[in-house]
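Chemist: Please dock the two separately framed chains into a single complex, following the hints provided.
So the sequences go chain by chain: F and Y.
Residue 1 is where the first sequence starts when you use UniProt numbering, and the numbers rise one by one after that.
Residue 1 is where the second sequence starts when you use UniProt numbering, and the numbers rise one by one after that.
One or more hints might be untrue.
[Stated by the list, open to error] Partner residues are not named here, just some residues of chain F that face chain Y (Cβ under 7 Å, in silico): (1) Gly19; (2) Ala20; (3) Ala21; (4) Asp22; (5) Leu24; (6) Leu25; (7) Ala27; (8) Ile29; (9) Leu63; (10) Phe110; (11) Lys113; (12) Pro114; (13) Ser116.
No wet-lab data here; the hints were simulated from the structure.
The beta carbon of each residue, even a glycine, is placed where N, CA and C say it ideally should be.
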Amino acid sequence: MSQPAHDFEALTVLIAEDGAADRLLLATIVRKQGHQVLTAENGEQAVTLFAEQRPHIVLLDALMPVMDGFEAARQIKALAGEALVPIIFLTSLSEEQALVRCLEAGGDDFLAKPYSPVILAAKIKAMDRLRRLQATVLEQRDQIARHHNHLLNEQRVAKAVFDQVAHAGCLSAPNIRYLQSPYALFNGDLLLAAFTPAGDMHVLLGDFTGHGLPAAVGAMPLAEVFYGMTAKGYGLAETLREMNAKLKRILPVDMFCCALLLNLSFQRRVVEVWNGGMPDGYLLPAGGGEPMPLVSRHLPLGILTPERFDDTTEVLPLALGERLFLLSDGVVDTSDDNEQLFGVERLRQVLGANRRPALLFEEVLQALEGFRGRSRDDVSLLDIEVVEPQLLSPPPVIYSDSGQSSPLDWSLQFEFRADTLKRFNPLPYLLQLLQEIHGLRAQSGALHSVLTELYSNALEHGVLGLDSALKRDARSFASYYQMRNERLQALSEGFIRVHLRVEPGPRGGRLIIEVEDSGKGFNVSKVLARPVSEQGLCGRGLNLIRRLSRRAEWVDEGRRACVEFAWEALA
Amino acid sequence: MSEIHIDRKVLSDLQEVMEDGYLQLLETFLADSEIRLSQLHGAKNADELAHAAHSFKGSSSNMGAVALAELCRQLEDRVNHGPLQGIEDLINQIDREYAAVRGLYCDERQRVSIG
Numbered sequence: 001m002s003q004p005a006h007d008f009e010a011l012t013v014l015i016a017e018d019g020a021a022d023r024l025l026l027a028t029i030v031r032k033q034g035h036q037v038l039t040a041e042n043g044e045q046a047v048t049l050f051a052e053q054r055p056h057i058v059l060l061d062a063l064m065p066v067m068d069g070f071e072a073a074r075q076i077k078a079l080a081g082e083a084l085v086p087i088i089f090l091t092s093l094s095e096e097q098a099l100v101r102c103l104e105a106g107g108d109d110f111l112a113k114p115y116s117p118v119i120l121a122a123k124i125k126a127m128d129r130l131r132r133l134q135a136t137v138l139e140q141r142d143q144i145a146r147h148h149n150h151l152l153n154e155q156r157v158a159k160a161v162f163d164q165v166a167h168a169g170c171l172s173a174p175n176i177r178y179l180q181s182p183y184a185l186f187n188g189d190l191l192l193a194a195f196t197p198a199g200d201m202h203v204l205l206g207d208f209t210g211h212g213l214p215a216a217v218g219a220m221p222l223a224e225v226f227y228g229m230t231a232k233g234y235g236l237a238e239t240l241r242e243m244n245a246k247l248k249r250i251l252p253v254d255m256f257c258c259a260l261l262l263n264l265s266f267q268r269r270v271v272e273v274w275n276g277g278m279p280d281g282y283l284l285p286a287g288g289g290e291p292m293p294l295v296s297r298h299l300p301l302g303i304l305t306p307e308r309f310d311d312t313t314e315v316l317p318l319a320l321g322e323r324l325f326l327l328s329d330g331v332v333d334t335s336d337d338n339e340q341l342f343g344v345e346r347l348r349q350v351l352g353a354n355r356r357p358a359l360l361f362e363e364v365l366q367a368l369e370g371f372r373g374r375s376r377d378d379v380s381l382l383d384i385e386v387v388e389p390q391l392l393s394p395p396p397v398i399y400s401d402s403g404q405s406s407p408l409d410w411s412l413q414f415e416f417r418a419d420t421l422k423r424f425n426p427l428p429y430l431l432q433l434l435q436e437i438h439g440l441r442a443q444s445g446a447l448h449s450v451l452t453e454l455y456s457n458a459l460e461h462g463v464l465g466l467d468s469a470l471k472r473d474a475r476s477f478a479s480y481y482q483m484r485n486e487r488l489q490a491l492s493e494g495f496i497r498v499h500l501r502v503e504p505g506p507r508g509g510r511l512i513i514e515v516e517d518s519g520k521g522f523n524v525s526k527v528l529a530r531p532v533s534e535q536g537l538c539g540r541g542l543n544l545i546r547r548l549s550r551r552a553e554w555v556d557e558g559r560r561a562c563v564e565f566a567w568e569a570l571a
Numbered sequence: 001m002s003e004i005h006i007d008r009k010v011l012s013d014l015q016e017v018m019e020d021g022y023l024q025l026l027e028t029f030l031a032d033s034e035i036r037l038s039q040l041h042g043a044k045n046a047d048e049l050a051h052a053a054h055s056f057k058g059s060s061s062n063m064g065a066v067a068l069a070e071l072c073r074q075l076e077d078r079v080n081h082g083p084l085q086g087i088e089d090l091i092n093q094i095d096r097e098y099a100a101v102r103g104l105y106c107d108e109r110q111r112v113s114i115g
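Isolated chain Y, as found in the complex (with noise of 0.2 Å):
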């Protein structure tokens, strides 16, 4: 259940690469992903909304979260061009996508802390 949200393969390279980082890497990317989304609901404008859309998708593409990357690109891509109806439902998805793969960030987190 949880490939659909995270590719696996991606996070088993990022331990590899970070080896004793990897645990900070996670923790990082939960604090920095929460910002992203108070940033998209308090954009001001389009650009902001399209700048937080376009951070998001990139961390969470290195992080592996490919359905939630996905979004972002949406969301920048639909801010960028157009139509800009259905926007706040693009958010939301994006609130429920986060919403799930930080409970599989915080299962890797508990995973690699115990050892």
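The shape of chain F in the complex, shown without the other chains (with noise of 0.2 Å):
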């Protein structure tokens, strides 16, 4: 007789024999194998005796009076639902149609008389494993299906939360169109758009390096970053500082975010573009014609320390109704069945043709279709309108304290020097400070539009000396900000002095701004006596700063702004 095996595992084998000499029989060289033994004389008891008791393995007589062998089978498979219960057939049936009856009702195996101990035992065996990996199977099957959706469930959860914070923004701005599938995010692509103080719009089109879940986790910290500076008025540099800053700090070494980021500014009819590994966007002239690619110049946010991180963005002039078109790398890199990429002539084709700007989204899926042949859903695309400032409106700062405590007989002087104006920008503290004068919140845009063009003119035309004619065209704007850039660094003397006054009047009050810098001032009776037109793109923004202020007026040759903004009580 064989010795049970080590990892022997008594089953509960239940026989369904109507002859009671092959009952015993059998029933005893089962038991002798180490398991447990029920028995039945018919099919119907062994139903019975299945239902109460649950055996792991059925030996079933094929032909037994009231219920037959097929029946029982039927029945028993039936109870035992998904779970595999392998039925032996005991049979000396010979013809083959009568054996195929026998797999028909759900039989595994047979047995055929007259009976083989080891035989059997090897059946059992084989049976058992099949029962063992079926179990297995389901097992693990409902344990992915537990996991998958208790994945899902997290995931509908960070994205509801996800858009919590990413409605935050201005993506519903009237001349930004966007297209992104529901679970883009979940693709690591990030869309953010929101509007300054001033009124400028920051965008970002992001897409972190991955997919699932850990290529969601870093949207949420750069989402806040982003919208939190925006909001508190810090230009693109230091909020990509920032975000650069963050992202390496939290994100592990193989995950960083590529990322577009602009700054338009509808007023000053300029963009700041800062591309990190993004695919080319495009500035696309009003009317047709060559698409302008905005190149990325910059490794991803998250990759360089921020000591080496380079901050560094391109300016570029903008007129009314241009566009500006930005997308993710799941266009340019959808690849037909021969490998091919769609890559960025085909995609410069499409925006070349495109005459409907209201179609142009279409017009890019519909080219990807057709070279891909199917449709794909992880595509990002963003198109925003150069429009009328007034069209914009960007949404009334909401103000949680009453302004009883309003600060309001006050004067502060600040003097940055030459170290200082290299890397920091004081423009969101000083804001910040005056947005404590109630009576000044309904000005907010205007001021933060007024205070940052004064310090931008005595920073760039005053302390940097740059000749402002430098920007009269739109292929020297590029080179004037270069420039910039390399005075900037080489910064050794200069300062910019700050003097902002509040006083009170009878009924509200006045704030004075006073910006000075170490510039060789301009003539000032010249430039103001241009021609609006004229002073577009090189005109300082005094003519700016004179339409959105109540008074503005230039000393000491130009090396002084004065401005001032008034309000009245509030009722």
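Modeler: Written out as structure tokens, the structure is:
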């Protein structure tokens, strides 16, 4: 007799056989092999016993009184459900047709009479293996299903939380159109847009390495930095540095975020661009024509240490009706069945052929579908039109304090010297301070714009001595900003003084801003005498300042600007 | 002479498998066979006859009664596929064969119980 193996596990075996001698013989053989035995004399008893005791394996005689083996097999398989309960038919049936019937009824194997204990033991063992395999598969299937549901639920929660953050922005502005698959977040794609306090628009299209939850985890801190710093009036450079430092700190080394950032000023008609690792974006001319690429010149965010990170941006002039078109790598990296990439050339053809901006996304997607033979769901597209600033209405800032503690009679002076000017942007701090004056809050957009303009005039034309005439046309624009960066890096002396004075009046009050620089000054009357049209790109924004403030004048040969804002008493 | 009726090798294997239950197995087979015989004779239709022949074939093959099992196989085959002539004769042969093996199993029972 065979000895039980080491990993032997006793089974409960149901034997249904109407011949008493055969039943006795079989029960003895199975019992001697170490299993527990249940016996039945017919099919009906077998089914009842099975329902009560749930044996692991069933040995069934085919021909039995009351209920035959075929019917019993069917009922037992039905009772067993998904679990595999192997049924071995006991038969001396030699006809093919009868054997087929056994299998059709759910039989898994046969045992012919006369019984051989060795063969029976081998068959029980083989059937037990199958049974366990099936049990393992079912268990793992259920486990996978549980995990899958769990994961889906987590993704839903994560997306809901993320949407709360992402929708804080201005993607719904009337000049923005975008397309993003519902689960783009889990492709690592990220699309953010927000107004600065000055009414400029910051835009970020990002793409984290990887897929699934790992690709999505970095999105939250990135979005927080983006929205937080944009709302406080920080520029692209500071925001970029902070985002890079944060991602560098929290992400594992093999994770980073390709990103294209824009700072669109609809007031001044310029766009500032920083592209780190994203596909080229495009500046599309109004009324068609050759698109101008916004090329990646940087490493993605989260790779370089803060000391080595390069926040240099490019500045381009904009004209009404021009559009900025950004896209994720899903577009150009789409490959057809022969591993050919869709590529930049095909994209540029589509962009060049576009006549109706509203159809551009459709046309891009159609081109992709035609190229690949099927559509894809991991594409992000963004289209921003250059419009009159009045068409955009940045949401009013909501203040939580009552205004009763508003300070109304004070003055302050800052002096920012060369080393500070190189890497520090004081505007967010100054603007934050001025937010304390409730009467000014209705004009905070104008205040931001004016202060920004005054500061950049003092820095660029004053301290750095850059000639505004350099910005005369679009071509020299780029070299102007390149020179600006070079001179700023080399700066060793110079200052900008900012003097703020707040005075209460009989009905309201006024704010006087004085910005003084260490530069050579300029011929105020000559610049102001120019027609407005000519001031366009190179007018130092003086026109803008005069339009937005109550009073503006330049003294000390243009080295000092004095600008006044006033407010009426609040009702 | 008994080898024509019974495969002795089967019997010794059975005794080895059954050990103390061998005697009970012999008695159960003898009692069971009486039932099968009366089913053969009392069958009211072909199905009942075929079923009885099939069961008797199975138990006698398990017990090493090779000649009896072969006769039962022939009977089952005939009932299922014809020709039906000579069936009566086949049943009579089974009666005679069983009478012969019955004696042999009784002797075996005697031998075992004396030990």
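Chemist: What are the numbers of the hints that this structure violates, sorted from low to high?
Modeler: Of the numbered hints given earlier, those the structure breaks are 7, 10, 13, listed in rising order.
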